[in-house]
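Q: As given, the protein sequences belong to chains A and B, one line each in that order. 215 is the number that the numbering used here gives to position 192 of the first sequence; each next residue is one higher, with no gaps. 337 is the number that the numbering used here gives to position 48 of the second sequence; each next residue is one higher, with no gaps.
Heads up, some of the hints might be wrong.
Here are the computed distance ranges between Cβ atoms for each label pair [as the list claims (entries may be wrong)]: (1) B:ILE356 <-> A:PHE206: 41 to 49 Å; (2) A:GLY73 <-> B:ALA424: 24 to 32 Å; (3) A:LYS89 <-> B:LEU365: 24 to 32 Å; (4) B:ILE298 <-> A:LYS110: 34 to 42 Å; (5) A:MET24 <-> B:ILE298: 48 to 56 Å; (6) B:PRO337 <-> A:ILE87: 53 to 61 Å; (7) A:ASN59 <-> B:PRO337: 47 to 55 Å.
Calculated cross-link-like contacts (lysine to aspartate or glutamate; reagent style EDC-like; alpha-carbon spacing at most 20 Å) [claimed, not checked]: (8) B:LYS366 <-> A:GLU114; (9) B:LYS366 <-> A:ASP119; (10) A:LYS28 <-> A:ASP119; (11) B:LYS315 <-> A:ASP52; (12) A:LYS132 <-> B:GLU314; (13) B:LYS366 <-> A:ASP106; (14) B:LYS431 <-> A:ASP52; (15) B:LYS295 <-> B:ASP336; (16) B:LYS315 <-> A:ASP106; (17) B:LYS366 <-> A:ASP52.
In case anyone wonders, no lab produced these hints; they're calculated from the structure. Where a beta carbon is used, it is the ideal one built from N, C-alpha and C, also for glycine.
If you want the building blocks of each chain, they are given just below.
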Amino acid sequence: MEQGKILDIAIKAGTLLLRFGAETYRVEDTITRICNSYGLTCEAFVLPTGIIVSVEGKNGISSICKRISSRTVDLTRISYLNDLSRKIAREAPEYDEVIKELNRISELKRYSNSTIIACCALTAFVFVTLFGGSFAEALTAFFIGAVLGLLRLVFSKSISFPFIEYFAGGFVAGILSWLINSFAPQINPYIIIIGAVLNMLPGVALTNGIRDLLHGDIVSGLARIGEALMVVAVIAAGTGIGLTLLFLGGAVR
Amino acid sequence: MILFLKSFILAFAGSVSPAIVLNIEKRLLHWAGLGGALGYCIALAIDPFSGALSVAQIFTGTVTVGIYSELMARRLKAPATVFCVPGIIPLVPGVSAYQTMQSLVADNLQEASAYAVNTIFKAFTIAFGIMIVSAVFRFIGKIKIKPPDH
Numbered sequence: 024m025e026q027g028k029i030l031d032i033a034i035k036a037g038t039l040l041l042r043f044g045a046e047t048y049r050v051e052d053t054i055t056r057i058c059n060s061y062g063l064t065c066e067a068f069v070l071p072t073g074i075i076v077s078v079e080g081k082n083g084i085s086s087i088c089k090r091i092s093s094r095t096v097d098l099t100r101i102s103y104l105n106d107l108s109r110k111i112a113r114e115a116p117e118y119d120e121v122i123k124e125l126n127r128i129s130e131l132k133r134y135s136n137s138t139i140i141a142c143c144a145l146t147a148f149v150f151v152t153l154f155g156g157s158f159a160e161a162l163t164a165f166f167i168g169a170v171l172g173l174l175r176l177v178f179s180k181s182i183s184f185p186f187i188e189y190f191a192g193g194f195v196a197g198i199l200s201w202l203i204n205s206f207a208p209q210i211n212p213y214i215i216i217i218g219a220v221l222n223m224l225p226g227v228a229l230t231n232g233i234r235d236l237l238h239g240d241i242v243s244g245l246a247r248i249g250e251a252l253m254v255v256a257v258i259a260a261g262t263g264i265g266l267t268l269l270f271l272g273g274a275v276r
Numbered sequence: 290m291i292l293f294l295k296s297f298i299l300a301f302a303g304s305v306s307p308a309i310v311l312n313i314e315k316r317l318l319h320w321a322g323l324g325g326a327l328g329y330c331i332a333l334a335i336d337p338f339s340g341a342l343s344v345a346q347i348f349t350g351t352v353t354v355g356i357y358s359e360l361m362a363r364r365l366k367a368p369a370t371v372f373c374v375p376g377i378i379p380l381v382p383g384v385s386a387y388q389t390m391q392s393l394v395a396d397n398l399q400e401a402s403a404y405a406v407n408t409i410f411k412a413f414t415i416a417f418g419i420m421i422v423s424a425v426f427r428f429i430g431k432i433k434i435k436p437p438d439h
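One chain only, chain B, in its complex shape (with noise of 0.2 Å):
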C-alpha cells in the first residue's frame, strides 16, 4: 500500500513537472498529473515488484492514459494530445535506457544491444498502444449519430 502511495505520489509529480514545462493550462494541471499518476499505478499493479517495468505493464499503463485522455478531453473540452503527452511520461523505459549506457560504456556490447532492443522496443510500446486507444476512440466516435447542424 505504501509503495502504491509513494508511486503514485512520484508518478503525479512526474507528469505535473514535464507538463509545465511543455506550457499546459493551469486549469488541466491537476488532471493531467492524475493521468500519468494512474497509468503507471495500474502498470505497476501488474506486476508490484519487478525492477523494470515490462513491455506488458507499459502497454496496459499506456491503454490506461490513453482511454483517460480521450474521456477527460471529451469531459474538459480540450485535445486529448494535453494529457496524454504528459501521463505517458512516467512509463518511459528509463532503467532500459539506463542499463543500455552502462552496459556500453563498459564495453559489453552482446549485453547492451539486448538492452538497446528492449528499450527500443518499450518506446514502441507506448506509441503503439496510444495508437490503439485513438483508432477504437475514432471508431467509436464514427458510429455515433452527428447533429444535424454539422
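Just chain A, same shape as in the assembly (with noise of 0.2 Å):
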C-alpha cells in the first residue's frame, strides 16, 4: 500500500479516536500500531487538540498535522475503533476495506433524542434519592434533568464556544430549583442543583487527565485535568450568577 494512503488510515482512525474521548496514549499506540504494521516506522505526538504524524517508509519521510476542534464521549465508537486498531494490526487489511469501517463507525447511530433526555432526567432522580432527598424533590430533579438534557441536546447541534453549555446548564439549574422552592418551601434547592448538574460534570476528562499522567503523557495530562476544573468552575460559576439574579431580581427571599 501507498505511504501516503496508510498514513490517511493512521490520521482518521486518530482523529476519530481523539474526537470521542480516548486517552492520549491510546490515540498514539493505535497510530504507531497502523503504521508498523504495513511496515512504516512511526512516530506519533497527540495532544488534546491536534495529532502530529511523522512516517518514515521506501519514499522517504513524510508528516502529517490535524487539528481537533471538538471533543465528546462515544463509549461505542472509541470501543469500535480498538477492534478495529486490532484487527489492522493483526491482519494488515486493504485501504479500501479499513476506509469503509472507519466510515461505518462515524457514522453509527446514537441513541435517540428522547432517550437521552429521559436518561438525564433518571439520572438527576436517582442521585436526589442516593443523596438522601425525599420522594418530592427527587421529582422536581427529574424535571430539571429533562430541561438539562433538552439543553444540552440544543448546545450540541449548535456549536457556539465551549463551556457554554456548563454555564447554561448551571444557570437554567440554579434559577428552577429556586423558583420551585419560592412555590413549596419544603424542597430543598441545593440537593436538586447537585442532582441536575451530575449529568454534566466531567468524570471522563478527569480520569482521562490522570491515565494521561500516568502514561507520561504530562502535557495532555495536564491540559484535561485544566479543561475538568474549567468545567466545574464554570458550572458553579452559572449556577451562582443565576441565584444572584434571582435574588437582586427579589423573586426569592
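Join these two chains into a complex; the hints should help.
A: Quick look at the structure:
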C-alpha cells in the first residue's frame, strides 16, 4: 500500500479516537500500531487539541498534522475503533476496506434524543434519592434534569463556543430549583441543583487526564485536568450567577 | 438488607443512565451498571449508616470499580474506560458538594471552605483510586509473557 494511504488511515483513526474521548496514549498507540503493521516506522505526537504524525518508509519521510476542534464522549465508537486497530495489526487489510469500516464507525447512530433526555432526567432522580432527598425533591430533580438534557441537545447541535453549555446548565438548574422552592418551601434547592448538574460533571476528562499522566503524557494529562477543573468552575459560576440574579430581582427571599 | 437492595438498584440505574448519555454499546450496558452498583454497595458495606460517603468508603468503592473494569475489559474485549467511567459516577461526592453550596449561600464561609476541601479531596480520591488500579494492572500486564507474533 502507498505511504500516503497508510498515513491517511492512521490519521483518520486517530482523529476519530481523540474526538470521541479516548486517552492520549491510546491514540498514539493506535496510530503507531497501524503504521507499523503496514511496515512503516512512525512517531506520533498527540495532544488533546491536535495530532502530529511522521512516518518513514521507502518513499522517504512524510508527516501530517491535524487539529481537533471539538471533543465529546462516545464509548461505543471508542470500543469499535479499538477493535478495528486490533484487526489492522492482525491482518493488515486493504485501504478501501479500512476506509469503509472507519466511515461506518463515524456514522454509527447514537441513542435517540428522547432516550438521552429521559436518561438525564433519570440520573437526576436517582442521585437526589441517593444523596438522601425526599421523593418530592427527586421528582423536581427529574423535571430539571429533563430540561438540562434538552439544553444539552440544543447546544450540541449549534456549536457556539466551548463551556457555554455548562454555564447555561448551571444557570438554568440554579434558577429553576429556587423558583420551585419559592412555591414549595419544603423542597431543598441545593440537593436538586447537585443532582441535576451531575450529568455535566467532567468525569471522563478527569479520569482520562489522570490516566494520561500515568502514562507519561504530562502535557495532555495536565491539559485534560485543566479542562475538567474549568468545566466545574463554569458550572459553579453559572449556578452562582443565576442565584445572585434571582436574589437581586427579589423573586426569592 | 433492604437498604442494600435499594442502593444496588439506585446505583445500577445511576450508572446505566449516564452511560446511555455517553452512548455506550447496548451489549455492555448492564455490565457497566453492574460495576457501578458493585462499587457503591461495597463502599456502603464499610459503614452502612453514614450520611455522606467518607473518603475511605469512596476509595474502596473506586478500587472495586477499577478492578472490575480492568477484568471486564479483558473478558468482554472492550477498553476499560467503558466500564470505569459509568462505574465511578455513583461515588461522586454530591452530598459534600451540596453542603458546600448550602453554606456558601448562607454566607458561612468557614463551613463552606471546610466542605469544599472535603469535596475536592473526595474527587481526587476517585481519580487516585482509578490510577492505582490501572497502574497495578499495567504492571501485571508487563510481567506476562507476550505472544511471539507481536
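Q: State for each hint whether it applies.
A: Structure-based check of each hint:
1. B:ILE356 <-> A:PHE206: 41 to 49 Å: Check passed, 46 Å falls within 41 to 49 Å.
2. A:GLY73 <-> B:ALA424: 24 to 32 Å: 27 Å, holds
3. A:LYS89 <-> B:LEU365: 24 to 32 Å: 31 Å, holds
4. B:ILE298 <-> A:LYS110: 34 to 42 Å: Distance hint for B:ILE298, A:LYS110 holds at roughly 38 Å.
5. A:MET24 <-> B:ILE298: 48 to 56 Å: 52 Å, holds
6. B:PRO337 <-> A:ILE87: 53 to 61 Å: Between B:PRO337 and A:ILE87, where Cβ atoms are some 56 Å apart, the hint holds.
7. A:ASN59 <-> B:PRO337: 47 to 55 Å: 52 Å, holds
8. B:LYS366 <-> A:GLU114: The given pair, whose Cα atoms are some 18 Å apart, holds under the 20 Å limit.
9. B:LYS366 <-> A:ASP119: Not satisfied, since the Cα-Cα distance of roughly 25 Å exceeds 20 Å.
10. A:LYS28 <-> A:ASP119: 10 Å, holds
11. B:LYS315 <-> A:ASP52: Distance of about 26 Å is beyond 20 Å: violated.
12. A:LYS132 <-> B:GLU314: 11 Å, holds
13. B:LYS366 <-> A:ASP106: Holds, at roughly 8 Å.
14. B:LYS431 <-> A:ASP52: 16 Å, holds
15. B:LYS295 <-> B:ASP336: Measuring from Cα to Cα gives roughly 16 Å; hence the hint holds.
16. B:LYS315 <-> A:ASP106: 16 Å, holds
17. B:LYS366 <-> A:ASP52: 17 Å, holds
Hint violations for this structure: numbers 9, 11, all remaining hints satisfied.
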